[in-house]
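For this one, chain A is given, so just place chains B and C on it according to the hints.
Each chain, letter by letter, is given below.
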Amino acid sequence: MTSMKHRISRRTFAGGLAVGAAAVSLAGRISNVRAADKTKINLNIYQINDNWQNTLKKVIDGFTAANPTIDVKLNIQPSAQYWDKLQTQYAAGQAPDLSLINADWVVPGASRGMFLDLKPYLEKSPELTKDLWYPLDQDWGYKGGIYGTLLYAGGQMLYVNKTLLKAAGLEMPAANWTWDDLHSMAVKLTDASKKQYGMHISPIAPPYWSCAFIHGAGGTVLNAAMDKCTLDTPEARAGLQYIVDLIHKDKAMPVPPPANATGEVNPFMAGKVGFYFGGSWDEAAIRTSGFDWDWADMPVNAKTGIKKVQMGSNAWGILSTTKHKDEAWALAKYLGGPEGAKGMMSLGLPGFKSIIDSPEFKQIHAPQHIEVPLGDFQKDSHNYYTTPDASAWWDAATQNLQPMWTGEDTVEGATQKATSAINAIFAKRKS
Amino acid sequence: MLLQAEQSPQVRVKPASLRLSRHLKEFWWIYLILIVVGVLLMAPLVWLISSSLKDQGKIFTIPPEWIPTPVRWSNYRTVFEQIPFGRFYWNSAVVTFFATTGNVVSASLVAFGFARLRFPGRDVLFLVLLSTVMIPYHVTLIPTYVLFRELHWLDTFLPLTVPAWIGGSAFNIFLLRQFYLRLSLELDDAARVDGAGPWRIFWDVVLPQSKPALGVVAIFSFLASWNDFFAPFIYLNTTEKFTLPLGLQLFQSTNSTEWNLLMVASVMTAIPCVALYFVAQRYFIQGVVFTGLKG
Amino acid sequence: MAATIPRSRGLNHRQKEAIAGYLFISPWIVGFLVFILGPVIASFYFSLTNYAVVQPPTWAGLANYRELVHDDLFWQSMKVTSLYVLFSVPLTLFFSFLVALLMNQRVQFVGFWRTIYYLPNLVPIVAGTMLWLWLLNPDYGLVNGLLARVGIDGPLWLQSTKWALPSLILMSLWGVGGPTLIYLAGLQGIPTDLYEAVALDGGGAWAKFVTVTIPQMSPVIFFNLILGIIAGFQVFAQPLIMTGGGPRYATLFVVLYLYNNAFHNFQMGYASAIAWVLFMVILVLTIITFRFSSYWVYYEGEARQKR
Numbered sequence: 518m519t520s521m522k523h524r525i526s527r528r529t530f531a532g533g534l535a536v537g538a539a540a541v542s543l544a545g546r547i548s549n550v551r552a553a554d555k556t557k558i559n560l561n562i563y564q565i566n567d568n569w570q571n572t573l574k575k576v577i578d579g580f581t582a583a584n585p586t587i588d589v590k591l592n593i594q595p596s597a598q599y600w601d602k603l604q605t606q607y608a609a610g611q612a613p614d615l616s617l618i619n620a621d622w623v624v625p626g627a628s629r630g631m632f633l634d635l636k637p638y639l640e641k642s643p644e645l646t647k648d649l650w651y652p653l654d655q656d657w658g659y660k661g662g663i664y665g666t667l668l669y670a671g672g673q674m675l676y677v678n679k680t681l682l683k684a685a686g687l688e689m690p691a692a693n694w695t696w697d698d699l700h701s702m703a704v705k706l707t708d709a710s711k712k713q714y715g716m717h718i719s720p721i722a723p724p725y726w727s728c729a730f731i732h733g734a735g736g737t738v739l740n741a742a743m744d745k746c747t748l749d750t751p752e753a754r755a756g757l758q759y760i761v762d763l764i765h766k767d768k769a770m771p772v773p774p775p776a777n778a779t780g781e782v783n784p785f786m787a788g789k790v791g792f793y794f795g796g797s798w799d800e801a802a803i804r805t806s807g808f809d810w811d812w813a814d815m816p817v818n819a820k821t822g823i824k825k826v827q828m829g830s831n832a833w834g835i836l837s838t839t840k841h842k843d844e845a846w847a848l849a850k851y852l853g854g855p856e857g858a859k860g861m862m863s864l865g866l867p868g869f870k871s872i873i874d875s876p877e878f879k880q881i882h883a884p885q886h887i888e889v890p891l892g893d894f895q896k897d898s899h900n901y902y903t904t905p906d907a908s909a910w911w912d913a914a915t916q917n918l919q920p921m922w923t924g925e926d927t928v929e930g931a932t933q934k935a936t937s938a939i940n941a942i943f944a945k946r947k948s
Numbered sequence: 133m134l135l136q137a138e139q140s141p142q143v144r145v146k147p148a149s150l151r152l153s154r155h156l157k158e159f160w161w162i163y164l165i166l167i168v169v170g171v172l173l174m175a176p177l178v179w180l181i182s183s184s185l186k187d188q189g190k191i192f193t194i195p196p197e198w199i200p201t202p203v204r205w206s207n208y209r210t211v212f213e214q215i216p217f218g219r220f221y222w223n224s225a226v227v228t229f230f231a232t233t234g235n236v237v238s239a240s241l242v243a244f245g246f247a248r249l250r251f252p253g254r255d256v257l258f259l260v261l262l263s264t265v266m267i268p269y270h271v272t273l274i275p276t277y278v279l280f281r282e283l284h285w286l287d288t289f290l291p292l293t294v295p296a297w298i299g300g301s302a303f304n305i306f307l308l309r310q311f312y313l314r315l316s317l318e319l320d321d322a323a324r325v326d327g328a329g330p331w332r333i334f335w336d337v338v339l340p341q342s343k344p345a346l347g348v349v350a351i352f353s354f355l356a357s358w359n360d361f362f363a364p365f366i367y368l369n370t371t372e373k374f375t376l377p378l379g380l381q382l383f384q385s386t387n388s389t390e391w392n393l394l395m396v397a398s399v400m401t402a403i404p405c406v407a408l409y410f411v412a413q414r415y416f417i418q419g420v421v422f423t424g425l426k427g
Numbered sequence: 003m004a005a006t007i008p009r010s011r012g013l014n015h016r017q018k019e020a021i022a023g024y025l026f027i028s029p030w031i032v033g034f035l036v037f038i039l040g041p042v043i044a045s046f047y048f049s050l051t052n053y054a055v056v057q058p059p060t061w062a063g064l065a066n067y068r069e070l071v072h073d074d075l076f077w078q079s080m081k082v083t084s085l086y087v088l089f090s091v092p093l094t095l096f097f098s099f100l101v102a103l104l105m106n107q108r109v110q111f112v113g114f115w116r117t118i119y120y121l122p123n124l125v126p127i128v129a130g131t132m133l134w135l136w137l138l139n140p141d142y143g144l145v146n147g148l149l150a151r152v153g154i155d156g157p158l159w160l161q162s163t164k165w166a167l168p169s170l171i172l173m174s175l176w177g178v179g180g181p182t183l184i185y186l187a188g189l190q191g192i193p194t195d196l197y198e199a200v201a202l203d204g205g206g207a208w209a210k211f212v213t214v215t216i217p218q219m220s221p222v223i224f225f226n227l228i229l230g231i232i233a234g235f236q237v238f239a240q241p242l243i244m245t246g247g248g249p250r251y252a253t254l255f256v257v258l259y260l261y262n263n264a265f266h267n268f269q270m271g272y273a274s275a276i277a278w279v280l281f282m283v284i285l286v287l288t289i290i291t292f293r294f295s296s297y298w299v300y301y302e303g304e305a306r307q308k309r
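So the protein lines, in turn, are chains A, B and C.
Residues 518 to 948 (this note's numbering) are what the first sequence spells out, left to right.
Residues 133 to 427 (this note's numbering) are what the second sequence spells out, left to right.
Residues 3 to 309 (this note's numbering) are what the third sequence spells out, left to right.
If you are wondering where the hints come from, they were derived from the structure by calculation, not from laboratory data.
Incorrect hints may appear among the rest.
[Claimed, not checked] In silico EDC-like cross-links for lysine to aspartate or glutamate, where the CA-CA straight-line distance does not exceed 16 Å:
#	chain 1	residue 1	chain 2	residue 2
1	A	Lys945	C	Glu69
2	A	Lys590	B	Asp287
3	A	Lys945	C	Asp74
4	A	Lys590	B	Glu372
5	A	Lys712	C	Asp141
6	A	Lys574	B	Glu372
7	A	Lys712	C	Asp155
8	A	Lys711	C	Asp141
9	C	Lys164	A	Glu925
10	A	Lys768	C	Asp141
[What the hints assert, rightly or not] Just the calculated beta-carbon pair ranges, DEER-fashion:
#	chain 1	residue 1	chain 2	residue 2	range
11	A	Lys647	B	Thr370	33 to 39 Å
12	B	Thr201	A	Asp744	52 to 58 Å
13	A	Phe808	C	Ile154	30 to 36 Å
Glycine included, each C-beta is placed from N, C-alpha and C at the ideal position.
This is chain A alone, in the form it adopts within the complex (with noise of 0.2 Å):
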């Protein structure tokens, strides 16, 4: 099956090229395939981390003296457009074995046939599920099946810079805090004299980071079938609502930046931001602000009684291309597994339930207590909205919604384009 793939695909180019290329005589068509070396397993990363080639590369050494017959080739690669590059390497039959994956793009490319299945394999291997906090078929399910093993978690959560709250005569929010006491605390936290903002949510465009509040207010971005959107529904539109009236009625939060730009200013990081809704990744950049912080729990909906957290994390997926399924399955469960999420735990945040309650993890991220946001992940998370069209609807719904972040279109106008917007992506799909 997936060797036919490849030759079709390979005939198919060879044919769009032909049919110009009686001068283009690909000489010697030669196979691809180096004489192949049947245990070399080409493992491609990108930077998700920024400096994690080292300790990437000793959970690797691990992995090869307990499977000598296997040999690793680690390519690592920037991560400004490698979603293009797979894909270009994959169409040509040139992907590699085993590469880590976006949450984005797993079943956008899982749904097209790009990765393999792992649910038999995870069905023979109970052992690495045993001890899993984190649900696989959360972010990478994809009818029935489950197209990834977790790197580690990544998350939304709520940082607050301690300083300013002291400053302020203000004390850490207690665990069953509100959304009104988060108002509040916002507001009083505000000082426009020294551009100093109570709340600040990084990155809301795409509008990921929003939908803590939509949940919270009872509201979805899609419905359970993911066919229709409802970002226009009364609830959702309460949420957006509470974060549109922080920034232009109260002036508690800064207009957010127009897309997830790599370099935006983050005043959070400056010292200019009392709350912070920001992503799991974000504590290596904030322990070097200088200034003294810890995790808040997410705030409540006291109508709805609801408190949400969004997710999304990474993958280690098999193309499937690979001519080593059970090496690169090999690999793939070592590195998903607890060895390999013990020896990175000092990068992330691993799935298993033993390592996160260990002394030896908590201590990486003290005196912070990282068990909070963790607890948060545990009894409160929100899956990822994910369709092999997903690509297409998200950017609708950043774009449409953008407008009302500025003040620019109101929440009700903005939720309406948006989500006739999606609607008519949904109305293309097929079958």
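Positioned in the frame of chain A, the structure of chains B and C alone reads:
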């Protein structure tokens, strides 16, 4: 005076202080413009250097800090410790050298054909040449990649250098064509009367008069190759074969960036360009004015 | 005069010249046939298919082109791109010419100035982009900071549907170093005796500029114009990095839209159709510009053919 081209480089031999003060009195406003706009244009480099000497946490201070406290010279050592930066330098140098020489050589030849010689189909072919740069590379990427796969050139420097030798960039050819077309035909005719063929005319008449344009092509090719991210990113897979722009991007991950180290890498990527440009512009803009008449 | 030379050698000379011509352009012919033609034709074939990149293409006929006609986002992207070209190309042509003239003066440390004015083109793009994001930040940026000093409440720049495109046009002026360098090289090639002739006729600086500099520079201006059109229609990196096409499609350039379709939405066939429509637009504009060039572009080396 302002609108007139510089007459001769020799005039600028160290002016006496009296001449300097008269010069300043007359042209003070030029210097005013130069300095105001210059400060604006210099800001990015200063910002770059300043950021490269900061702690990661000090990059995003509000308001921005132009003079870092403390100054972190150690960032420059860290970059070499974290990635094989020296290796990337060497790779970039090799690729850029072959791509630049290839571009200059092939563009100067091809442009001569299009500008100074007459042959059937010339204008149509020239339009075809131009039209090749009107199609966004995204839609030809995969077939091109397959082509290089068939040639067994993937993960080598060949896709980054060989195309430069056979035609190279259409922009360079077009640029040189325009400059060749500006040259008077008198010298060509004189050479022809002396029995010179097209090659002699190209080599002895046209090339010596085109040094400024060739210099521009060399600088553009150098910068295009030195700073190119996408082509090496697509065609190279092994980290040890990476060029500088790829190495630079290794400090930028999906969700966070080590800005200070990225800036160190940027400074070190930019310095050879700045130095080279400073030296080259002197050579090709001032040194060769009006040498065309020597024949 | 010129005509007598070929006649003395008859047809033979013409043939020789033609052969020499083909030989001189042969490197490009080879490169074109080997590296460019095949992929270009393949992309045209893709435009007639449904092609999800990671799955083989299936024939779709003209469906992609038909869909384009009704695609609001495509038209929006054409509008954005055309507006950009309409403003950024003339502004760049004008300012780079001005800077080139300035750099060609007898000023002290001219090499230093020329380097400074070329700096934006020498700095890696990530650093340049980051600087602009800082400058244009509505709250903390230098630009709105300065505007506030003089009592103006600055706009939201890249965040605003109205100001995002003008911001990118403004930023494009930052890169005038490239065309400036080309002008500067062009200014070196103007024969001094032409200026002297004008001076003898009693012409001043303006006369010299209009009767010598402009006509002599016209082939170079023409080059920068064509290059500006071709490159302007293919702007990609800045919107990709800085705005993602937003807010609300205000900076959705054609190539960005095409790219999103190709590599994010798995619609390489549709993307190829966009590319070919864009190609036709650029080609037609280029041909028109070439046609009109005979009215204002003066080639010393073509005088023989015109006579």
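Here is how each hint holds up against the structure:
no.	hint	in the structure
1	A:Lys945 - C:Glu69	holds (12 Å)
2	A:Lys590 - B:Asp287	holds (14 Å)
3	A:Lys945 - C:Asp74	holds (15 Å)
4	A:Lys590 - B:Glu372	holds (12 Å)
5	A:Lys712 - C:Asp141	holds (7 Å)
6	A:Lys574 - B:Glu372	holds (15 Å)
7	A:Lys712 - C:Asp155	holds (15 Å)
8	A:Lys711 - C:Asp141	holds (11 Å)
9	C:Lys164 - A:Glu925	holds (10 Å)
10	A:Lys768 - C:Asp141	holds (12 Å)
11	A:Lys647 - B:Thr370: 33 to 39 Å	holds (37 Å)
12	B:Thr201 - A:Asp744: 52 to 58 Å	holds (56 Å)
13	A:Phe808 - C:Ile154: 30 to 36 Å	holds (32 Å)
Comparing the model with each earlier hint shows no violations; every hint is respected.
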